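If you're matching them up, the sequences are chains E and C in order. Quick note: the first sequence uses the working numbering, first residue 4, plus one each step. Quick note: the second sequence uses the working numbering, first residue 4, plus one each step.
Hints listed in this document are in silico derivations from the structure and should not be mistaken for laboratory results. Please note that the accuracy of each hint is not assured.
Identical chains blur together in the list; that is why a pair holds if it fits in one copy or across any two.
[To be verified] No more than 30 Å apart at the CA atoms, straight line, and that leaves these computed lysine-lysine pairs for DSS-like:
hint	residue 1	residue 2
1	5	99
2	326	288
3	99	304
4	224	313
These figures come from a predicted structure and were not determined experimentally.
There are 2 protein chains.
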Amino acid sequence: MKFLHTSDWHLGRQFHNVSLLDDQRAVLNQLIEYLQCNRVDALIVAGDIYDRSVPPTAAIELMDDIVNRVCNELSIPLIMIPGNHDGAKRLGFAAKQMQHSGLHIISNFEQMMQPVVLKSAIAGEVAFYGMPYNDPEVVRHHFGEVVTSHDEAHQYLIEQITSQWDPSQRHVMISHCFVDGAIESDSERPLSIGGSDRVSHQHFVPFDYVALGHLHQPQKKGEEYIRYSGSLMKYSFSEQHHKKGATLVEFDEQGFASATHVPLTAPHSMRIIEGELLDIIEQGKTDPHNHDYLLVRLTDKHAILDPMEKLRQSYPNVLHLEKPGMLVGGDQAMGRARLARGEVDMFRDFFLEAKQEVLTAAQEQAVIDVIQALRPGAQV
Amino acid sequence: MKFLHTSDWHLGRQFHNVSLLDDQRAVLNQLIEYLQCNRVDALIVAGDIYDRSVPPTAAIELMDDIVNRVCNELSIPLIMIPGNHDGAKRLGFAAKQMQHSGLHIISNFEQMMQPVVLKSAIAGEVAFYGMPYNDPEVVRHHFGEVVTSHDEAHQYLIEQITSQWDPSQRHVMISHCFVDGAIESDSERPLSIGGSDRVSHQHFVPFDYVALGHLHQPQKKGEEYIRYSGSLMKYSFSEQHHKKGATLVEFDEQGFASATHVPLTAPHSMRIIEGELLDIIEQGKTDPHNHDYLLVRLTDKHAILDPMEKLRQSYPNVLHLEKPGMLVGGDQAMGRARLARGEVDMFRDFFLEAKQEVLTAAQEQAVIDVIQALRPGAQV
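Just chain E, with the same shape it has in the complex (with noise of 0.2 Å):
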């Protein structure tokens, strides 16, 4: 019994105003070519299918695509939850309807409820319960029971499951939550503010295996068995050294066997280059990867007009620019630096790279002249 656990596909995302759904569409690709190679027997994705509730159309195209490559071409189960940034309604519309060709789209608690059960030879009959995305105000108003915080709901929803459950199969979990104690990354949307969004995985020791959603860096939590997959790909910089890919679970008759990671590469990777101005446009000549995102950080300590063009000539995918060089005073992030140069100083920077002429003093002079007539008493 093997299955393929995947979370935070997050399509339709944009970054930095570029579109992702070409790298999206790339790496779903070559999951789908993993599944043609190496037979599963289900396909799970622990929420966050798509960016937001009301995803562009051409995201909603692509999912229609896996959905009739992974359950009609290759007739693997495909197990989901939405996520908090999927629209649960919207994502389960037609969900019964769907069961029978293997799309399995748990977006209610009617549907918790009734696992989806798959039989293998070895491991005999496994239950995938999916835990849809929610809020505890939701598990309070559909229950009528006192739940303040994601920890409290997540025990009770899984109270529920376990006093039902039959106990001759295996148990596989499918929740999108943050783990206490697991790593978070720059692109995950905050589940409620405080810290309240916190769950124990020991509400979680009683499966086999549990797929968890939300957190983009693939890690285990507790036990080997309490896994997030990650995001199918970087979703910002901070990511920059996560290994992206799919979680291959494997059951054997004891349960679970264990956990594979399938790594999974976006055309373009997101990361941070650090550097003064032209060493970074002589690196990237030679660069094998000079399309990947990037976040440049330039060191230099002088004004340099029009960085991001003279960047892109060997660096095209520079999304974000960072000058660290020219502040002080502190955190650029926070918005406490200043600027380390004076108006002058960057004027005279200015004047050398749009005239590739020095300042001479009495130009100099003539600056400073207008700057205090503008800000009478200004020190220059």
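Model the placement of chain C on the given structure of chain E, informed by the hints.
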């Protein structure tokens, strides 16, 4: 062989800022009750299932419920096409995965060429072809054919179908279009500007039955078997005299045998009341349908303070007010009319209503002085 032809559900529609969802739910419940008591072989929705391409979640939930009751509980095949209000790709997500459950959403040209074939003892095999709503450009782009109008697009698509169909079968066409010469209402959104949206009924003649959507009034065009079922309920005041419902179609050995109107009644009708304020208020007190959605045309010739509030005491759902009695010079709807009463007359009416006193000559002179001070030279 019997099937029920409906169209233009427009789930999620707002009417003068009032949600019609509860009315729609009530009408659909009547439809379900009809289906429970009167067995049919299929239910058709000829487009405009939703009112817009991204429908509100509540409309999706209602549709999901109806689909479950028709396809799963009653096991009646449900065949639908997107209309010009629907988003075809959004609506058509996972359509292939739904087919086996009896839910057939025909949203692209590949699906159009693969009819839903139902078998009947009397009429033999009946093939239901759905033509998803399409602009001429879509047909031109998809097939690489020179089509410039809806008529040419329909002609081309129907030729595709009839050239390949199985002549031993009966053929039903489902289309969302404006058949030339048919009667429109105020609530259909035009398919195109300038009349190029009209389609000749001649293209449809080869079929045994044509289930049309788009026009909101039930009607036939050209042949007994080329029909609009009309919308599920009234969607504009211009439809106040329409008989809304579904069309029950019966086939015998020869094919089309009969079309019968099955009435459906919304909790609130939409209608227009005309008269003087006090008469209307009085009439409302004994009107058994005083909760209907109303357009009121007041024929009073003097200004009235808060007429809406007064009317709503006996007709709580007055949604729109016109005051033709206050106007001269023609057509209020075209914005060419002007007020029949001058400023001093208007103020006199207001004073009487607000103070329950007649304006004295001195007070009237004061009003005239104010108006002339504000607009020197004004004729009052």
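Against the structure, the hints come out as follows:
no. : hint        : verdict
1   : 5 <-> 99    : both (25 Å within a copy, 26 Å between copies)
2   : 326 <-> 288 : within (22 Å within a copy, 75 Å between copies)
3   : 99 <-> 304  : neither (62 Å within a copy, 59 Å between copies)
4   : 224 <-> 313 : neither (44 Å within a copy, 66 Å between copies)
Hint compliance for this structure: hints 3, 4 are not met, and every other hint is.
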